[in-house]
Amino acid sequence: MADLGISLGVVVGYLVVALAIGLVAYRLTDRSAEDYYLASRSVGTVVLLFTTFATLLSAFTFFGGPNLAFAAGPEWILVMGLMDGILFALLWYAIGYKQWLVGKANGYVTLGEMLGDRFDSTALRGLVAGVSLLWLFPYVMLQQIGAGQALVGLTDGAVPYWAGAALITVFMVAYVGLSGLRGVAWTDTLQGVFMLGVIWLAVGWIATVGGGVSALTAGMTDAAPGFAALGGGLYSPQWMIGTAVVIAFGVAAFPQVNQRFFMADRVETLKRSFALWPVLVLLLFVPAFLLGSWAVGLGIEVPDGSNVLPVLLTEYTPAWFAALVIAGALAAMMSSSDSMLLSGSSYFTRDLYRPFVAPDASDAREGWVARVGVAVFAGSTFLASLFVGSGGGLDTLVTLGDTAFGGYAQLTIPLLLALYWGGTTEWGMIAGVGSAEAVYLAHVFLPMPTTYLTWDFALWCMLLSLVVTVAVSTVTASAPAENAEKFGVGAD
Amino acid sequence: MNDYHRVMIRTRTDAVWIAAFALLVAFAVPWFLWRNATVVAGLPLWLWWHIGWMVLASATFYAFARGGAWERGVDAGVIRRG
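Protein chains in written order, with the working numbering: chain E, 1 to 492; chain A, 1 to 82.
Bound conformation, chain E alone (with noise of 0.2 angstroms):
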């Protein structure tokens, strides 16, 4: 039993550097929700840019894409080249950039709380802060059962599933509790910087033992002779175009990505970070979905309910590396969840607990809130997920955690319009964010089409989302109380 003791000491360590983390960003935080939630918007190009991409990965990078490049070919590196090193780049200008610009000037930390003032709504506050709980409750759920699984994995079931997960949402509650953004931020930029580190060690490990990064590709196309022509099969144009589209434009309205918007310090690190996003995109997916396809050339066989990357390294590599590349994808999974929980606090208590239950309720009494509301979101996931599977009502979160991204990305084509067309109105806002949902979640739920055209399902939902808020924007008219000029679209 060895190798568990290294497994279990990697593991813990890191959790406890985490949690030493957290305590020394909490001397630092004062009380006021602005800095608990944004830390005061001081926040640097190199920790902007580990935080966003560190909230960005999630199981995923680790598990699920290698798992992709291992069935169906490593092309799934340009999907996520398009999705995220481009349109998400472009979409944190568009987006990004003026709502640190509206952000600032007006003092937003939500953003719903932003469309709230923008058209004097507390309904589209409200409604904007309640679709985006509805998916990202069943989202922390999802990588706390994957937190769980890899402890499982890792420890060969000695550490069982439900004292994995518990052990990850309590060290999360106590950093996130304590320190907020700050604690969050710093343990991110730890993680980041963790998983790049360990991802290069450990292609440079496999092609050492493989015979070099050449004898890697010659093995896999000779296995699989498919993999090194781009497209076909899972890969067809509308399949990939459909997937990065619907991803990038999900991924910035995600809370905990659209709340970084809000962070930067000043513009030059958002100069910087606009920069240095697709380097840093190609430093880590290439190498992390090359393993995954490499691992097909050198016969892994991967058993149901396994992951590629971990099967692949316990076979080439020494236990206690294998040991830091799960320690890598907890961290993936940690620092996507820390900044989700304290995003849904920060939505539930400004624009859901604030404007509808306690309008006036003391800053004090609001930062309190808040901190209760992270351990009740992650105590509520948690149990969710320990029910999961057992055949309740409670399978539903899984589907909602899987489709997600499509969910969020009904939300994004009304707040570009939002930002950039004078003429949108509350209720072209309402109707169009609605109707969007409305549409895509019958579509998730119910026996309906998953492609139109061989277009997916969440693309025409997105188009539905922008023709329902101009028609309806054209026919009403804005309230008085209405800010557009703050938003520098007043002139039109």
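Keep in mind the hints are simulated off the structure, nothing from the lab.
As the structure is a prediction and not an experimental result, all values here were calculated from the model.
Nothing false has been slipped in among the hints.
Covered by chain E, per the in silico footprint, the following chain A stretches (three or more residues, Cβ under 8 angstroms):
{"#": "1", "region": "15-29"}
{"#": "2", "region": "43-53"}
{"#": "3", "region": "72-79"}
Each residue gets a CB set at the ideal place from its N, CA and C atoms; glycine is no exception.
Fit chain A to the supplied structure of chain E, relying on the hints for placement.
Same frame as chain E, now just chain A:
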């Protein structure tokens, strides 16, 4: 150079940026290599394209962020004036 010329040059610069971004999006997947299985220096040719394209995207974004179009694109001046 009068104001009219300045505005014309700005409009032309902004159109060039929009075209550059459209190209970056359109050829992030090298469609002209579709079903091409050429391997160069141990990696598929299309993967080399991807590596070059991401570096080009970074360089383009860097140049865009340095110029005046960065501010004009989001009406930053209007927001700052309030």
